[in-house]
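Asker: Could you build the full structure based on these sequences and the hints that come with them?
So the chains spell out like this:
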Amino acid sequence: SQTIHQWPATLVQPVGSPLSLECTVEGTSNPNLYWYRQAAGRGLQLLFYSVGIGQISSEVPQNLSASRPQDRQFILSSKKLLLSDSGFYLCAWSVSGGNGYTFGSGTRLTVV
Amino acid sequence: AQSVSQHNHHVILSEAASLELGCNYSYGGTVNLFWYVQYPGQHLQLLLKYFSGDPLVKGIKGFEAEFIKSKFSFNLRKPSVQWSDTAEYFCAVNAPLGFQKLVFGTGTRLLVSP
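Protein chains in written order, with our numbering: chain R, 1 to 112; chain P, 1 to 114.
Worth flagging that the hints you see were computed from the coordinates, not collected in a lab. Every value quoted in this text rests on a predicted model; they were computed, and no experiment measured them. The beta carbon of each residue, even a glycine, is placed where N, CA and C say it ideally should be. One or more hints might be untrue.
Selected chain R positions facing chain P (in silico; Cβ < 8 Å) [what the hints assert, rightly or not]:
{"no.": "1", "residue": "Gly43"}
{"no.": "2", "residue": "Tyr101"}
{"no.": "3", "residue": "Gly106"}
Pulled a few chain R residues facing chain P out of the computed Cβ check, cut under 7 Å [claimed, not checked]:
{"no.": "4", "residue": "Leu44"}
{"no.": "5", "residue": "Ile53"}
{"no.": "6", "residue": "Phe88"}
{"no.": "7", "residue": "Phe103"}
{"no.": "8", "residue": "Ser105"}
Here are the simulated distance ranges between beta carbons [as the list claims (entries may be wrong)]:
{"no.": "9", "chain 1": "R", "residue 1": "Gln13", "chain 2": "P", "residue 2": "Asn8", "range": "32 to 42 Å"}
{"no.": "10", "chain 1": "P", "residue 1": "Gln2", "chain 2": "R", "residue 2": "Ser65", "range": "18 to 28 Å"}
{"no.": "11", "chain 1": "P", "residue 1": "Ser80", "chain 2": "R", "residue 2": "Ser17", "range": "48 to 58 Å"}
{"no.": "12", "chain 1": "R", "residue 1": "Gln73", "chain 2": "P", "residue 2": "Ser5", "range": "28 to 38 Å"}
{"no.": "13", "chain 1": "R", "residue 1": "Val15", "chain 2": "P", "residue 2": "Ala16", "range": "26 to 36 Å"}
{"no.": "14", "chain 1": "P", "residue 1": "Lys71", "chain 2": "R", "residue 2": "Glu59", "range": "23 to 33 Å"}
{"no.": "15", "chain 1": "P", "residue 1": "Gly28", "chain 2": "R", "residue 2": "Pro61", "range": "19 to 29 Å"}
{"no.": "16", "chain 1": "P", "residue 1": "Ser80", "chain 2": "R", "residue 2": "Ser67", "range": "45 to 55 Å"}
{"no.": "17", "chain 1": "R", "residue 1": "Gly54", "chain 2": "P", "residue 2": "Ser18", "range": "48 to 58 Å"}
Answerer: Listed below in structure tokens is the structure:
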């Protein structure tokens with residue numbers, strides 16, 4: 001069966017520290033992968049999406065970056081976190097054509 | 001750029017009241033449309049989706065939505081809400097032949113009082 005793993009579930013990091021959030025997908029190949037951020041009052045904002053290994057599209061200018069080193073692995077990173085990076089980060093995948101999406105359980109990041 | 005508008009940011013209803021949440025999108029081509037729900041402390045769940053065919057789509061828990069192409073709308077409805085419907089509701093759109101990324105609206109927080 002197809003599953004998506006996202007970790008950690010919660011994270012508290014000081015300002016200026018690095019970040020690495022990992023998302024892996026099982027049971028499918030060549031998925032489209034997405035990173036979303038949910039901030040209070042702003043809904044779900046698409047940050048990055050990837051249609052293949054090494055192919056990353058950035059949706060909004062920000063302090064974050066994404067990488068896809070393997071087909072079913074999607075990593076969200078930052079070299080130096082800002083307070084404004086706090087939020088709830090969701091990973092998702094879909095098949096080509098985008099007829100269905102599966103979301104991970106999310107990571108709540110608090111930058112202090 | 002593609003966008004989704006949910007004009008109701010907060011809705012408060014009493015149990016048994018009828019619900020309609022508005023959703024409008026901006027894209028001239030063929031679209032897939034979705035409504036997701038996030039109950040307090042839980043993951044995002046799919047309520048219903050429209051790809052093609054009958055523009056009136058029925059989803060889980062008594063929800064339905066109607067796609068009106070001429071109005072670029074996909075409003076969510078439920079004839080009689082329950083306290084357990086308290087949640088945040090998100091409309092989303094993608095284009096199977098165009099942008100495959102899922103674009104969300106800002107969400108509507110629904111509070112149903114018993």
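Asker: For each hint, tell me whether it holds in the structure or not.
Answerer: These are the hints, each one checked on the structure:
For glycine 43 (chain R), the interface hint holds, since its Cβ comes within 8 Å of a Cβ in chain P; the closest pair sits about 4 Å apart. At a threshold of 8 Å, the smallest CB-CB gap from tyrosine 101 (chain R) to chain P is about 6 Å, leaving the interface hint in force. A cut of 8 Å between beta carbons decides the hint on glycine 106 (chain R): the least distance to chain P is about 7 Å, and the hint holds. Nearest Cβ of chain P to the Cβ of leucine 44 (chain R): about 4 Å, under the 7 Å cut. The hint holds.
Evaluation of the isoleucine 53 (chain R) hint against chain P yields a violated restraint, the C-beta minimum of about 17 Å exceeding 7 Å. The beta carbon of phenylalanine 88 (chain R) comes no nearer than 10 Å to any beta carbon in chain P, farther than 7 Å, and the hint placing it at the interface is violated. Satisfaction of the interface hint for phenylalanine 103 (chain R) is found here, the shortest Cβ-Cβ separation to chain P being roughly 5 Å, below the 7 Å cut-off. Taken as an interface hint, serine 105 (chain R) checks out: its beta carbon lies about 6 Å from the nearest beta carbon of chain P, inside 7 Å.
Taking 32 to 42 Å as the suggested C-beta distance range, the pair glutamine 13 (chain R) and asparagine 8 (chain P) conforms, at roughly 34 Å. Against the hinted window of 18 to 28 Å, the Cβ-Cβ separation of glutamine 2 (chain P) and serine 65 (chain R) comes to about 23 Å, which satisfies the hint. Checked against the hint of 48 to 58 Å, the C-beta distance between serine 80 (chain P) and serine 17 (chain R) comes to roughly 49 Å, which is consistent with it. A C-beta distance of roughly 34 Å is found between glutamine 73 (chain R) and serine 5 (chain P), which places it inside the suggested range of 28 to 38 Å.
A beta carbon spacing of about 48 Å between valine 15 (chain R) and alanine 16 (chain P) contradicts the range 26 to 36 Å that was offered as a hint. A hinted range of 23 to 33 Å for the beta carbons of lysine 71 (chain P) and glutamate 59 (chain R) is consistent with their spacing of about 27 Å. Separated by about 26 Å at the C-beta atoms, glycine 28 (chain P) and proline 61 (chain R) satisfy the suggested range of 19 to 29 Å. The hint said 45 to 55 Å for the Cβ distance between serine 80 (chain P) and serine 67 (chain R), and at roughly 48 Å that hint holds.
Distance hint for glycine 54 (chain R) and serine 18 (chain P): a CB-CB separation of about 50 Å, consistent with the stated range 48 to 58 Å.
Hints 5, 6, 13, counting from the list given before, are not met by this structure.
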